[in-house]
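Protein chains in written order, with the numbering used here: chain E, 80 to 371; chain A, 778 to 1100; chain P, 4 to 260.
Possibly wrong hints are sitting among the right ones.
Straight line, CA to CA, 25 Å or less: simulated SDA-like cross-link-like pairs of lysine to any residue [as the list claims (entries may be wrong)]: (1) P:125 to P:148; (2) P:146 to P:57; (3) A:883 to E:174; (4) A:883 to P:90.
Covered stretches of chain P, going by a simulated chain A footprint (3 or more residues, C-beta under 8 Å) [claimed, not checked]: (5) 77 to 88; (6) 119 to 129.
Keep in mind that the hints were calculated from the coordinates and are not lab data. We put the CB at the ideal spot given by N, CA and C, even for glycine.
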Amino acid sequence: MFDQILQFVLTGVTVGATYALVALGFSIIYNASDVVNFAQGEFVMMGAMSAIAMSAGDGIPVFLSLPLAVLVTIGVGILLQRFAIAPARGASVVTTIIITIGASIFLRGVALLLWGKSIFAMPHFSGEQPIHIGKATLLPQNLWVMGGAAFLVLGVHWFFNHTTLGKAILACSCNRTAAQLVGINVGMMMLIAYGLSAFLGAMAGILVTPITFTSYDAGVMLGLKGFSAAILGGFGNPMGAVAGGILLGLIESLAAGLISSGYKDAIGFIILLLVLFFRPSGLFGKATSERV
Amino acid sequence: MRRLAGLCLLATIVVVLPILFPDNYYVTVVGVTALLHAILAVSLNLLMGYAGQISLGHAAFFGIGAYTSAILTTRYGWDPWAAIMAGLALTGLVSFLVSRPILRLKGHYLAMATLGLGIIINIILVQGDQLTGGPDGLGGIPTLSLFGWALDTDLRWYWMMGATLLGVVWLALNIIDSRSGRALRALHGSEVAAEMMGINTTAAKTGVFVLAALIASLAGGLFCHQQSFISPDSFNFFFSIELVTMVVLGGMASTYGAVFGALILTLLPELLVVFEDFEVMIFGAILMLMMIFLPQGLFVGLQNLVLRWLNRRRSAAFGAVGE
Amino acid sequence: MALLEVEALTKSFGGVTAIADLSFDVPPGQVYSVIGPNGAGKTTLFNMLSGIYHPDDGSIRFMDQGVVGRQPHQVAALGVSRTFQNLQMFFNMSVLDNVMVGCHLRTRTGLFSAALRLPRIKREEKLSRQWAREALAICHLDKFIGQEAGSLPYGVLKRLEIARALAVEPKLLLMDEPAAGLNDTETLEMRKLIRRICESGITVLLVEHNMGLVMQVSDRILVLDYGSRLAEGTPVEIQNDRRVIEAYLGGEVQYAL
Ligand SMILES: Nc1ncnc2c1ncn2[C@@H]1O[C@H](COP(=O)(O)OP(=O)(O)OP(=O)(O)O)[C@@H](O)[C@H]1O
Ligand SMILES: [Mg+2]
Chain E
80 MFDQILQFVL
90 TGVTVGATYA
100 LVALGFSIIY
110 NASDVVNFAQ
120 GEFVMMGAMS
130 AIAMSAGDGI
140 PVFLSLPLAV
150 LVTIGVGILL
160 QRFAIAPARG
170 ASVVTTIIIT
180 IGASIFLRGV
190 ALLLWGKSIF
200 AMPHFSGEQP
210 IHIGKATLLP
220 QNLWVMGGAA
230 FLVLGVHWFF
240 NHTTLGKAIL
250 ACSCNRTAAQ
260 LVGINVGMMM
270 LIAYGLSAFL
280 GAMAGILVTP
290 ITFTSYDAGV
300 MLGLKGFSAA
310 ILGGFGNPMG
320 AVAGGILLGL
330 IESLAAGLIS
340 SGYKDAIGFI
350 ILLLVLFFRP
360 SGLFGKATSE
370 RV
Chain A
778 MRRLAGLCLL
788 ATIVVVLPIL
798 FPDNYYVTVV
808 GVTALLHAIL
818 AVSLNLLMGY
828 AGQISLGHAA
838 FFGIGAYTSA
848 ILTTRYGWDP
858 WAAIMAGLAL
868 TGLVSFLVSR
878 PILRLKGHYL
888 AMATLGLGII
898 INIILVQGDQ
908 LTGGPDGLGG
918 IPTLSLFGWA
928 LDTDLRWYWM
938 MGATLLGVVW
948 LALNIIDSRS
958 GRALRALHGS
968 EVAAEMMGIN
978 TTAAKTGVFV
988 LAALIASLAG
998 GLFCHQQSFI
1008 SPDSFNFFFS
1018 IELVTMVVLG
1028 GMASTYGAVF
1038 GALILTLLPE
1048 LLVVFEDFEV
1058 MIFGAILMLM
1068 MIFLPQGLFV
1078 GLQNLVLRWL
1088 NRRRSAAFGA
1098 VGE
Chain P
4 MALLEVEALT
14 KSFGGVTAIA
24 DLSFDVPPGQ
34 VYSVIGPNGA
44 GKTTLFNMLS
54 GIYHPDDGSI
64 RFMDQGVVGR
74 QPHQVAALGV
84 SRTFQNLQMF
94 FNMSVLDNVM
104 VGCHLRTRTG
114 LFSAALRLPR
124 IKREEKLSRQ
134 WAREALAICH
144 LDKFIGQEAG
154 SLPYGVLKRL
164 EIARALAVEP
174 KLLLMDEPAA
184 GLNDTETLEM
194 RKLIRRICES
204 GITVLLVEHN
214 MGLVMQVSDR
224 ILVLDYGSRL
234 AEGTPVEIQN
244 DRRVIEAYLG
254 GEVQYAL
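In isolation and in its complexed conformation, chain E is listed as follows:
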């Protein structure tokens, strides 16, 4: 029993680490521009798919295709902000939601056109020799996912707290006009925020695809899970989003193992609803009372 649970926890943390990266991307974009980016999951898909496509057959070697794929995805993120989000500034919440949904359908359409409906695999980074912990096993790739996610999360944390650039982006999200007045190039900051968010998505995709495989529509569920995780943690609180991601991964993995794998997604969402009912601003969000 203990070994089984340990196994579920290990799997859960791996999946959760992916959710955490997507959720972190969600929060960064939300903080910077008040937009819920429903195309966040497509960044994950784009990162993985373009890496696979570039090194398919006699393509370029993996150590080149991975960074290139990340760059491609960052480009997609920047284009998204420049040509879809920026022109619609000041639009209502629902309008921006539909724009990003349109963007996600568009990106899925592009992937469908380029790569079809097949499911693609990616080689593991460092072999598939299982590591045994008690009776539970772990693939080296699981360690890559957890380690990579931890590294990225710490990096983002450092970026926002200890670099001028990071603080400038935070300033824009607090008060756009004031940021502009003190000479921050707000437009540029938005581009960087979207680029950073796309970067995190692409990294998540590249790290996890050797375990999960990918296809043109793999981003949909990941996007929804990332959004759930961000809400679970408290929207707009990046580290809350990360915690929400890990938690959601754990809940799903335990639910799948102990209750029913068919209902695992439902259980994840039920817990999310319960959290919202009792703590409407998420687990780590600040409760705000409307001032009148």
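Start from chain E and add chains A and P with the ligands according to the hints.
Relative to the frame of chain E, chains A and P with the ligands by itself:
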């Protein structure tokens, strides 16, 4: 009677189309779907456009209506109309129970909660295969008959859906233009101010949520008997999003806008089929472009353009008289 | 007997005590003003009187009925209406519709009869429209009747909020800074409007920073400082109150006279 001029125009269009083009695929097949979508969009617009409560899970209530009726008729031999009623009762109960905790949420949290609700109900449809037939769906659903008149052709279903749509639009217009409708629009504008005017905003939100769910459930009941086969895919997250898109595309807080949005979003994929592999991509691009350039919605945007043009002509005419 | 009785009211937000052990009575038929520097707790007081915030301690009685524990719409049903410091207009509605919302409590029909457009709807709509017109007329807003609320200038919106509150037919009207942001002509008109409202039998509780307006329009004044009562009395008493002059009014009293 000016109040209902638009409804008369809509009725005329609905009636004239099949008379002009009796056996046209776009009228009797696509048309029925468009009418169904319009019913759903009008109901969602009451909740979202007027009361300002976003829902990304509306397809769930459509699904509860459809599956209740399908299960009761195929597995328990119920009369289809009684089964539709049972679907309405179940939808009413579910929507009432979830409405209070869900509608306390706002903005993105509300969006997430309704989205989650829709996904949970869809998963139940997929997983509860003893009853629902699971992912393979449920077939052999009998068709409806109305006063001994069996709805067994596309055209008859067109009339049925058309009549239902006109009824639902009439209800929606009546509600919006009344004390209750003003209460809904008011709480959209400012919830505290609405409360201060004596509106029980919790009750008002619950009321419109349940009403929208009931209309969707009715549409579901009709849909399952029209299709005779249903599967969970017709009630998933994507369809909820499609409904939201119809409402926003037409123009929020406009009943005719919702009808228009439903029509466009039903026709578009039919027309894009010729682009084959490019279809999905073009659909996404059109969605983005319309929202970027006409954020107030196509119908409302066009309506404003026409009004402005009329005004200009009228003031030009006045100018001429003045001189 | 007082219309409104506030006793030992206390409210704090985290570490900030916005209202501390505050007691006062508002007699009926008067314009009763609450003044005090920014952050003194005036809006917080209004929010508690209207049921939006729940006090930590103390009691509020309106016409001998407890207010604490009721929701805002229930407080409104007792006969309390208000305007807001930051406009809370229904910008998605027309001017007439905005004020017709104010008639909510004077009408009865529900969702069901509305959906079927039963005959009583028509009667009720006609009445509401008439009441709304009357409220608009009191505030001299007749000429804006057909316009959308979103298209109106600030000064007009301030009065529209009052018209909407009047349509509720309140016994007590809470006004939070009705003259803020108005020019001199508009302020003068606001003063006349407040007096007209009071003379029509509605008790007015007024929060305002414009001392000239307050001194001219009020029957009694309550001075708040850090959420507690500094002084209370007629405008003349307040202007001559040593503590008030020291703590708050300073040279302004002279200016106001
Ligand atoms: N919802 C809230 N959350 C936290 N603090 C609040 C809240 N509402 C008011 N406060 C605090 O309570 C104190 C009193 O605020 P209030 O708005 O009542 O002052 P006021 O007298 O209306 O000031 P002004 O003249 O500027 O309108 C202030 O310190 C304010 O920051
Ligand atoms: Mg104030």
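Hints, verified against the model:
The straight-line distance between the Cα atoms of residue 125 (chain P) and residue 148 (chain P) is roughly 20 Å, inside the 25 Å bound, and the hint therefore holds. At most 25 Å may separate the alpha-carbon atoms for a hinted pair to count; residue 146 (chain P) and residue 57 (chain P) exceed this at roughly 39 Å. A distance of roughly 16 Å separates the Cα atoms of residue 883 (chain A) and residue 174 (chain E); the hinted pair therefore holds under the 25 Å criterion. The suggested pairing of residue 883 (chain A) with residue 90 (chain P) holds, with an alpha-carbon distance near 20 Å, which does not exceed 25 Å.
Check on the region 77 to 88 of chain P: 5 of its residues sit with their Cβ under 8 Å from a Cβ of chain A, so the three-residue criterion for coverage holds. Coverage of a stretch by a chain is defined here by at least three residues with a beta carbon nearer than 8 Å to that chain's beta carbons; for the region 119 to 129 of chain P and chain A the count is 5, and the condition holds.
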